[in-house]
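Visitor: One-letter residues, chain by chain:
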Amino acid sequence: DVKVTQSSRYLVKRTGEKVFLECVQDMDHENMFWYRQDPGLGLRLIYFSYDVKMKEKGDIPEGYSVSREKKERFSLILESASTNQTSMYLCATREGEAQYFGPGTRLLVL
Amino acid sequence: AQKITQTQPGMFVQEKEAVTLDCTYDTSDPSYGLFWYKQPSSGEMIFLIYQGSYDQQNATEGRYSLNFQKARKSANLVISASQLGDSAMYFCAMRADNAGNMLTFGGGTRLMVKP
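Residue numbers (this note's numbering), protein chains in the order written: chain A, 61 to 170; chain B, 1382 to 1496.
The shape of chain A in the complex, shown without the other chains (with noise of 0.2 Å):
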């Protein structure tokens, strides 16, 4: 079994704070994602990874940056947090048709 996994189920940060979620998958998959999901709006692409340090950028990569410096870790970082970056913070890797979610990050900045 694929499995995905987020260092946190839940965050509660400040407006200005730098916060890094991480996100580790356990088979050698080569496409990693980085999503947020708010109601009514679905997931969201913020950036992807198909390889080590490698980055593109997704649908809403605004006030964000990645970072993979290693195969089975890929990490979101908010340079600066914002309260319009609540949401929910998913992990997915890719093999071939299927993507495979870790259990999501809510993030609560006040």
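Note that these hints are calculated values from the structure, not bench results. Each residue gets a CB set at the ideal place from its N, CA and C atoms; glycine is no exception.
Which stretches of chain A does chain B cover? Using the computed rule of at least three CB atoms under 8 Å from a CB of chain B, they are: (1) 105-118; (2) 148-155.
Under the rule of at most 27 Å between Cα atoms (straight-line distance), these lysine-lysine pairs were calculated in the BS3-like manner: (3) Lys63/A with Lys117/A; (4) Lys117/A with Lys1384/B; (5) Lys1384/B with Lys1454/B; (6) Lys113/A with Lys130/A; (7) Lys1384/B with Lys115/A; (8) Lys78/A with Lys115/A.
Negatives, chain A to chain B, calculated, CB over 12 Å: (9) Arg74; (10) Glu77; (11) Glu122; (12) Gln145.
Start from chain A and add chain B according to the hints.
Guide: Frame of chain A, contents of chain B only:
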């Protein structure tokens, strides 16, 4: 650009009955894939079913089937014999071959199964 539309924000179904969740899509790419995911209240996204644009037959996986009507650009999910555990959010998604790795999701439909 790709677009997915799910027009039903919420639906009720009686336990043991069948239910259809609507999904329409828009793309100019002739080669694409359509997906359905389930998201229970626990938050994880569970892959349910996949349909390729060139597949001749509708995809089926257990109690899930995908009613693919290419000319109408619709990819409705049919759940037969609903169970209480089917209560969840359901997302339709699409990946066009010219979009590489990117999945585009609809806004979701919340399904509630009544005992």
